[in-house]
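Asker: Go ahead and model the full structure; you've got the sequences and the hints to work with.
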Amino acid sequence: MKFRTFAAFVGPSLLLMMIFIAAPLVSVLWQSFHLTQNVFETVETERCTPGFPNAVCETITVDRPVLDENGEIQTVTSFVGWQSYSRVLDPDALGAAISSGDWWSILNIDFWGALRFTLTFTLVTLPLVIGVGLLIAITVNNAVKTIRGPAIFISLLPFIITPVIGALSIRWLFVGDGILTALMESWSGQDIAMFAQGWTIELLMMFYRVWHVAPFAFVIFYAGLQTVNMDTLESAIIDGASRFERLRYVIVPHLMPLIVFIALIHLMDSYRVFEEVIGFRSEAHRISLQWLTFDYLTPDDSGNRSVSRASASSMLTMVGIVILLVPLLRRTWRDHKGS
Amino acid sequence: MSSIPRAMQQPLGLKFASYGFLAFWCLIAAFPIFWVAVMSVKTPVDAFASSPLDVVFGPRTLGNGDGMSVFSILLLLTLLVLTYRVGARHLGKWVEQFSPPGLVIIGWIIGSIIFAIGAAFLMFGIYPFVVDLIDPILGPLGRPVLGLTTEHYQAVWVDNEFYTNFLNSMLVTAGVVTISLTVGTLAGYGLARSGSNLAFWLLIMALIFRALPHSVLVTGYLPAFINSAEFLEPILGESAPTLYGQPWAVIVVLVSINQPFTIWMLRSFFQNIPSELDEAARVDGCSHFGAFRRVIMPVMWPGVITTGLFSFLLAYNDYLVTALLLDQQNQTMVPAITGYFNRETTTTDQVEAVAAAVSIIAPLFLLVMVFQRQIVSGLTAGAVKG
Amino acid sequence: MKLRTLALAAAVSLMGTTAYADCAFENTQEVTMLSAGFEAWKAVTDAMAECGMVAAELDQEFREKQPEAFAADPSLYQLGGVSNGTLTPLLNAGTIRPLDDLVEQYGQNLNPNQLIRVDGQIMAIAMMVNTQHLMYRNDIFADLGLEVPTSYDEVLEVAAAIQEAGVVDYPLGATMAAGWNLAQDFNNMFLGFGGTFVNDDNTPNINTEAGMNALEMMAALTEYMDPEYLTSDSTYVQQQFQQGKIAMANLWASRAGAMNDEAESQVVGLVSGAAAPVAMEGGAPATTIWWDGIVVAANISDEEAENAFRVAMEGLDTEMVTSNNDAAIWLIEGFEPGALAEGAIATAVAGPAPYPSTTQMGLMHSAIGNNVADFLTGAATAEATLQAIEADYTTAAEEAGLL
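Protein chains in written order, with full-length UniProt numbering: chain A, 1 to 339; chain B, 1 to 386; chain C, 1 to 403.
Think of the hints as simulated: they come from the structure by calculation, not from any bench. The structure displayed is predicted, hence computed values, not measured ones. Hints may contain errors.
What the hints assert, rightly or not - Below are the BS3-like pairs computed for lysine-lysine, each with C-alpha atoms no more than 30 Å apart in a straight line: (1) A:337 / A:2; (2) B:15 / A:145; (3) B:93 / A:145.
Said to hold, decoys possible - Now the in silico label distances, taken between C-beta atoms and shown as ranges: (4) A:23 / C:268: 55 to 65 Å; (5) C:30 / B:178: 28 to 38 Å; (6) A:99 / C:55: 53 to 63 Å; (7) A:248 / B:129: 50 to 60 Å; (8) A:232 / B:16: 20 to 30 Å; (9) C:268 / B:238: 56 to 66 Å; (10) B:284 / A:2: 12 to 22 Å; (11) A:247 / B:16: 14 to 24 Å; (12) C:223 / A:187: 24 to 34 Å; (13) C:105 / B:116: 50 to 60 Å; (14) B:110 / A:77: 49 to 59 Å.
Where is the CB? At the ideal position from N, CA and C, for every residue including glycine.
Answerer: Shown next as structure tokens:
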């Protein structure tokens, strides 16, 4: 294919990605090295607010931004190098925690706590999603034809429902004396509060993610199972391969490209874990990297937000994802060269 | 696969374990959704009762005089099974039978819409009417035994005008699916047929784009969207639009964010269409575009339908982009219901939010019902080999 | 389920739109408004809508959208709903206009208490106040012969007595959801112990005796709460009350009405209000006073502003208050404080600090919200928590250009 034809085919898609993804990405990179500040002046001001029975007036000194001749807030932008990164990573607190020998206190630093959770979350759910997905695919494939349709339908439900709603529906089952908590309480005879400590929330979040994504893995694997070469399978049987050996040496290798595909998608998505933190209100106990970025970006009542730190933390999140993806990308590269 | 070779038949124990696991999984998969649906038809006191039996039977709801009789429960179950069978088994055959060749995709769209309207009419029009008519003459079978009220659905759809959000969602979703597939098929085809390193690096770049946290992207759009009239004026003159609140602007954003996944997916479909096909067409004197239109388009639909469903889910379920970039007149359903949760809610608001949540997932149910075969066959034809 | 009810609902909603469409004038220009979305705003915007041509958005993302939308030229909205917290960014950016002329012309019915003045100029019209105060189950207190606590030490004693009696699941409820709510609870306690958040040179002043006392008191109170208190927001506490699971809570006045809602509550008539307890002997109640009100954008024409203001006045009239009396503690003429409003008014009369609405406070609020949870979960000591708050605040203040 000539370059011009190629460009014509790919152009529209590329243009969209450039405008709406690459351009913001460049600006995020730029902002992570710069800091924009308002110029403040300190003034005495009198404020009257409602009181009982009469309004209360008081004179206070406030810092208020200076407005320029166009009536807009005057700002100063300066190059700050790695400052925002170091504020996110907080190497001083990290060093202090390490030298004091108190390893747990590292997790009290927002970024490192979030990294710990994000990595655990990603690496624990990955094999579970693939394993559960494969298991469902094999059992559905084994089932008689009449129940396959309904089974596929029900299995896909957790994947299609809106994530916010899915997380809430799981939360309601467990929050307070939710019915499943009540059930566990009656089994164990103990008072159980699932949202009172970090590790139970973490378990629930992982459970939710596996529940939500395993159907995606399932449907891909199930489609893959339809194309397993029956001849290979039959010759394996003739060679006396056991059921497990057939799975291990025929089916799994056949599905390998799909496993890589699922792993790729899942690593990317779960490293950006976010909905769970909001849905399960886990901020007090567990935060994730994308939640940290989101938190920096959310304006407080006075409208302040930390754009530079948010940019730095999202660049760090991206770097993390790329590192996780390297082995898989190398594989894709080899395939590309091979084909 | 119809006749299983004898050596592959499973011993009873394994079979038992296999079916057991499947049943267990289906229970886990469906239960939270079932539970939400049950909560949505109870009064607030019942919906948040701590005893599960109270939630299911809804004594307070029943006490208010709202309930289902044994007959109406049986009728409802029958109708649900019937709907599933029509949607999952027959609709596909009818579509293929009645739509003119080459226009199968339009047949699908019309078929699904008719099916959805039919299902809604059956559940909300005919069913209550029949129940109202027959319950009084049935005696004990017609007496309400299970508390159930549709007041929250009325509140959501009638009083809070949720249908405007529904229409907005439909507009955004339809826009995203159409544009995303148009742009994506072209790019996917180009990438699949070009073996160059450039194509490879474009794909890798798309992957990295997909890895970018969305919250960062979206917050960056907001000031640009609100002030777009000012900085587009030099280019577009007086008619420069304010992008904030415009559904089509949101559609373009969602299409872009979704492009990386779409082109990866479609590329692997196209790779499985033998390139000899379009090469033959080229030998016959077609241009690349001509070959694409005449040879590839007729055979690409399974892949396109599957990819389209993923685009549909993304656009329909999106929260971050739509919540921030749309104003209330144009708001879609998902951000609209978080309004119920985030404002200072009363318990009634919460149950209404649950009802709204069920309303949001109902169309997704129908969608999967109708298209589950296409999803599987589309994946079988494409991505699974790539 | 029944067709009858559906028809009835349709009929009622139809009547609703025609029954009280009385506005003093017919509005012919479009009026747009962006505000937070809670019950009181719904009442006000519905009353405004009676004049016609009103597009009001009650948006949960308003904190993010409002400063941007008002800074656009022309402003995307003519009216804004703010609280004393969210007024600050608009005031700072100069995107809202002084209302003195308009008040003189159209504001005859306004109460002087409603006028929010900054340096003598009226910048906003308040409509209601809100404050966290003590709500308690009067039946439980009567049965056990308990006095209504006036200080937090007494709250602990009473809670212990209720715990002993075992009449409810948890004696106490609190709006301690991590983030904004938790920080607000800390603020109440910190102010109650006489703390000041920042020094005159904008450096933090949290790591003090008041800070330690506030944290310790919060930890002591959590002993009597549902262990999931770090996820419990106002709605959750309100629900706990309604389901009879808790006996006391320091809860927002705007929530009081829900206690007597027959459709939701199992404790109708059993909840009373009292002034917020004090944290230390002789101090003011450990709570803050908030107000909500309306502002008018600067970047719109004078005619638009005038028209929008007239419509807003229709939304803030006595008629609206009489039909929504229990939705809030209204400042508007015609408000009849009900039994449930007594606690809030007693609190306000005792004169706690208004919430200090400044740029510094915004930063401080976030820093507190992100760190106090670590102390309550036991991940950090009180000392370390206060240090972490100061460090977070300092970083943010340096970044904002305040230090």
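Asker: All hints, please: hold or fail.
Answerer: Status of the hints after comparison with the structure:
no., hint, result
1, A:337 / A:2, "20 Å, holds"
2, B:15 / A:145, "14 Å, holds"
3, B:93 / A:145, "18 Å, holds"
4, A:23 / C:268: 55 to 65 Å, "57 Å, holds"
5, C:30 / B:178: 28 to 38 Å, "32 Å, holds"
6, A:99 / C:55: 53 to 63 Å, "60 Å, holds"
7, A:248 / B:129: 50 to 60 Å, "58 Å, holds"
8, A:232 / B:16: 20 to 30 Å, "28 Å, holds"
9, C:268 / B:238: 56 to 66 Å, "60 Å, holds"
10, B:284 / A:2: 12 to 22 Å, "18 Å, holds"
11, A:247 / B:16: 14 to 24 Å, "18 Å, holds"
12, C:223 / A:187: 24 to 34 Å, "27 Å, holds"
13, C:105 / B:116: 50 to 60 Å, "54 Å, holds"
14, B:110 / A:77: 49 to 59 Å, "55 Å, holds"
Checked against the numbered hints above, the structure breaks none of them.
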